[in-house]
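Visitor: Top line first, the protein sequences correspond to chains A and B. Following my numbering, the numbering of the first sequence begins with 82 at its first residue and continues without gaps. Following my numbering, the numbering of the second sequence begins with 18 at its first residue and continues without gaps.
Derived from the structure by calculation, the hints contain no laboratory data. Heads up, some of the hints might be wrong.
[What the hints assert, rightly or not] Stretches of chain A that chain B covers, calculated by requiring three or more beta carbons in the stretch to come under 8 Å of a beta carbon on chain B:
{"id": "1", "stretch": "84-90"}
{"id": "2", "stretch": "106-117"}
{"id": "3", "stretch": "149-159"}
From the three backbone atoms N, C-alpha and C, an ideal C-beta is built for every residue, glycine too.
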Amino acid sequence: MIQKKVCMLGAFAVGKSSLVRRFVDNIYSDVYTTTIGVRIDKKIVNIGDETLSLVLWDVHGEDSYQNVLSAYIRGMAGYLLVVDPTRPHSVDNATNLKNLIDTEIGPKPFVVVMNKCDLKEQWLITQDDLPDWANDAELIIEASSKNDTDVNLVFQTLAESLLQNRQAQ
Amino acid sequence: MNVTPSSVSEYLQSIGGITDNPAYLHLDDSNQIVDWSIQLNDHGLKLFDAQMITLKNFSFLEGLLPCPNNPLVIPRMQIASTQYSDLHMFSTPLGQWIILLDSTCASIQAQLEQQSRLSSELLTGG
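Please model the entire structure based on the sequences and the hints provided.
Guide: Here it is in structure tokens:
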């Protein structure tokens, strides 16, 4: 079976861990629990006739730890870049992360997640407000772990892209 | 009982780590398992049948191999739900070495402090 490392990246409290919990265990909690370091999960997805094992690295979003981020992203095949449109500065954090990745390990397939679409009336930005780098994403997806809106689509889209990349190599 | 390989004990001594019964995995240059210690199970791994252990049991190593010549440390990995481990990886002429050191106590303390700080930031519009 093909196995790929995927990192969950974004500012703190944008909902990275909630996306993983919804995707892996189909559970959601309203209580915010900060991640320390990195939590590793695994989930098998089926893409057509192929089976892909995603090793999910849910990386903390704390700014002060960015110096160890290089170690966490080592060997990743692709990533989810998560922003919280109710907190526009989470886009600045995403920009910094994208630049760091491109510099450290080169461009990798990624999906932008505009998370918390259950709070859309509180969103302060839309897809049109995202910086130019978002045009390089496989897809920009509005999702909600709380309502289970398009969470599977997020991971499935990245998984398909990873498989296509592999076949192209 | 396994005798700790000298590559592991010398590395642990160099970083001031505890050298008794370390959790380690030894791979050859083609990523085949040469040796491992049962203490890996203390880090949330479930290695029961020695004959059945393969690299698939170590999915967290996906993308990380081969081990670099200079030691690489990946701190605070949560492989099991309640356990935190620091991953140390390096190569020697004898092969590739992966060591897990428990960092649960320090990580839980850091988590409590970070939780308090970030929750306050969120309340103030952070």
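Visitor: A separate judgement is required for each hint: does it hold in the structure or not?
Guide: Results of checking the hints against the structure:
Evaluation of the coverage hint for the stretch 84-90 of chain A: fulfilled, as 3 residues show C-beta separations to chain B shorter than 8 Å, against a requirement of three. Interface restraint, the stretch 106-117 of chain A with chain B: holds (4 residues with C-beta to C-beta distance below 8 Å; minimum three). With 7 residues having a beta carbon nearer than 8 Å to a beta carbon of chain B, the stretch 149-159 of chain A meets the requirement of three or more and the stated coverage holds.
The earlier numbered hints are all upheld by this structure, with none contradicted.
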